[in-house]
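Starting from the structure of chain A, add chain B where the hints point.
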Amino acid sequence: MHEVANTPRGRGVLACIQCGRCTSSCPVARVVQEHNPRKLMEMIILGLRSDVLDGQLPWYCLSCFTCLDRCPQRGDVGEVMFAIRNLAVRKGNVPEGILVQAKSLFENGRVVTASRMASVQREKYGLGKEPSVDVEAVQKILKKTCFAKLISKGS
Amino acid sequence: MKYAFFLGCLIPAREPSYENSVRKIAPELGIELVEMEGANCCAPFSIQSVDYTSWLALAARNLCMAEQMRLNIVTLCNDCYESLLMTNTILKENNELKDKVNEILADVGLEFKGKTDVKIFSDVLYEDVGLEKVKNAVKKPFNGLRVAVQPGCHLTKPKRIHFGQQMGIAALDKLVEATGANSVPYERKEACCGGPLRGVNDEVALHVAKQKLDCMKAAGVDGIVTVCPFCYLELDMGQIEIKRHLKEEYNLPVLSFAELLRMAMGMKLEDWELKAHRIPITKIIDIAEGK
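Chains as they are written, first to last, in my numbering: chain A, 1 to 155; chain B, 1001 to 1291.
Extracted from the complex, chain B is given alone in its bound form:
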């Protein structure tokens, strides 16, 4: 299983532990990740808000690079996933727009042909690697750990783009449960974390995050597991800010699913990775080590 590895901006810059975990677990599961040298930002929410055609052209440039590599793209980030998947779908369906974008891309020596597919890492684990193989790789299951799974919006929304393309929330739950953890149902599970408004309207972003955290706390979980780096940042850093500004404390450690799986596969997180978590994850490590 070989993929063009689209790392995006946020994970390498802010969440190297997430990246490191993916790089560690992928070879163990038979996934080969081929670097995309020179790839640009996917053009997320903020860029799409400025201009439509620029979005499509920037995202299409990345798609063209994968086409040239003759590989499907795998992303780690929900926003990269949405941007690339949506652009791929739109340009495959709309010849007029495809021509317009190709006219722009001609200047950088590329042409969109529509010959690649876009996947998110959890899809690859569930559909291509398979749940059984993931289960078999788990050496130190997190028995008894109760987690709130935060799927993030663009893993499944908008459904029109995702329908038939990907696995949905139930499959993510199954992956999490393959590590031995219990994915606890909670209210507003599909709701947004508030992350996209970070830096645009921080106060609103925090209030939206608080709605989620309230629901997770009410479900009595030990921690939060997410696949989206925006949710990761908003719910981890957000808890510190909520404590400061809204006087509410949760103490819910946040892990990326890749980190959870890596630990369940018997690989320890290194010291610098533990320190990267603003809400300490010691409680989860203790469970992993059977304390």
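Only chain A is shown next, with the shape it has when bound in the complex:
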């Protein structure tokens, strides 16, 4: 629990009283039985490290922040989700979709880039090229943080 609580977005777990309002607010919990934010908070509190970090559980959350607004304890469940995703990534647990976006960010400075057809269309319809990105500056930042290392490890 303290490993999560000591990360910048994980502090909320200390306030959790297991009321379950997060789960009843969660749009994903309505369609995926396995995703239960209250239970996930309980698992963190109990210190079930690999159960929390190794599987699919950190990656169901949409970060819609409904739980965060509704938590009576300011337990910031949606923020704790970011904390455990950050920890999961450090264990090499990154879904392909996230990795693709992270790599695109490193290479292009943006998570989504226009396809060649979209670029042609932009020119044709007078919108011009996509706005420029200073990719060199982005890479400098991501090399200074641990980001560049993390995404090369995840592949």
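Fair warning: there could be bad hints in the mix.
[Stated by the list, open to error] Each computed DSSO-like pair below joins lysine-lysine, with the alpha-carbon atoms no more than 27 Å apart:
#1 B:LYS1283 / B:LYS1139
#2 B:LYS1210 / B:LYS1275
#3 B:LYS1100 / A:LYS103
#4 A:LYS153 / A:LYS103
#5 B:LYS1268 / A:LYS124
#6 B:LYS1113 / A:LYS144
#7 B:LYS1024 / A:LYS124
#8 B:LYS1098 / A:LYS140
#9 A:LYS143 / B:LYS1098
#10 A:LYS39 / B:LYS1159
#11 A:LYS144 / B:LYS1115
#12 B:LYS1247 / B:LYS1210
#13 B:LYS1092 / A:LYS140
#14 A:LYS140 / B:LYS1100
#15 A:LYS143 / B:LYS1092
#16 A:LYS103 / B:LYS1098
Hints are computed from structural coordinates only; laboratory data are not their basis.
Only chain B this time, still in chain A's reference frame:
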């Protein structure tokens, strides 16, 4: 009214009709948009999931650029809005983190000072332009059009960050009604569209989108209006995929609010823009043209 224009990634790459509409209506309403040359991705959900400090530093770089331009930032996208607004709030409040981020930014010759504010385009319309002026710009009102307004999560959530900063869903409804359309109440209006999980867990994303579409259909609307490009994509493209995989058909055209307002102001969408909509928007055009 002059703003640093933060366009983000998704809109220029996937939804040029949204961008085009904003560029067309802004000057008519006295809004000047100044391009942010060299700005990077806001660092949304996917990037924040990888690393906290990288998120703050990337978002702060964009904020610093606006500070240097001595302008407030306007974004079109709910996710850009959340990322930039949250980072701005966190770094203004927390000196320790601000110092840490500034140490990283020093390498690219920037320093976060906390001298810019972050706004989303609909806020600018409601608060800075004003509802009356928007109403007066409407030349061809959509009388009788029934729409489900999809505000998207990060327009209002988390409330702790947004409180006192922005207008909320009721004001978006008023903007939509200024075009003559009727914003029809429906269940789960504040709920997520499922978009953030697109590409991460498509099946879950579609089931979440279906929950929303079911509620919209039950309210008997002609179409959907949103300000968020993720909602736009998820609800438009999502309907095609839901039809294929979950065997449910809705046929609800999806428009960005900028497109709706542009048409209401008497400016037609061009052919390529109409074709960009996966669910045809002819029904809405017919109403706009009084057919």
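Here is what the structure says about each hint:
no.: 1; hint: B:LYS1283 / B:LYS1139; result: 19 Å, holds
no.: 2; hint: B:LYS1210 / B:LYS1275; result: 24 Å, holds
no.: 3; hint: B:LYS1100 / A:LYS103; result: 24 Å, holds
no.: 4; hint: A:LYS153 / A:LYS103; result: 12 Å, holds
no.: 5; hint: B:LYS1268 / A:LYS124; result: 18 Å, holds
no.: 6; hint: B:LYS1113 / A:LYS144; result: 20 Å, holds
no.: 7; hint: B:LYS1024 / A:LYS124; result: 17 Å, holds
no.: 8; hint: B:LYS1098 / A:LYS140; result: 18 Å, holds
no.: 9; hint: A:LYS143 / B:LYS1098; result: 19 Å, holds
no.: 10; hint: A:LYS39 / B:LYS1159; result: 24 Å, holds
no.: 11; hint: A:LYS144 / B:LYS1115; result: 25 Å, holds
no.: 12; hint: B:LYS1247 / B:LYS1210; result: 11 Å, holds
no.: 13; hint: B:LYS1092 / A:LYS140; result: 23 Å, holds
no.: 14; hint: A:LYS140 / B:LYS1100; result: 15 Å, holds
no.: 15; hint: A:LYS143 / B:LYS1092; result: 25 Å, holds
no.: 16; hint: A:LYS103 / B:LYS1098; result: 26 Å, holds
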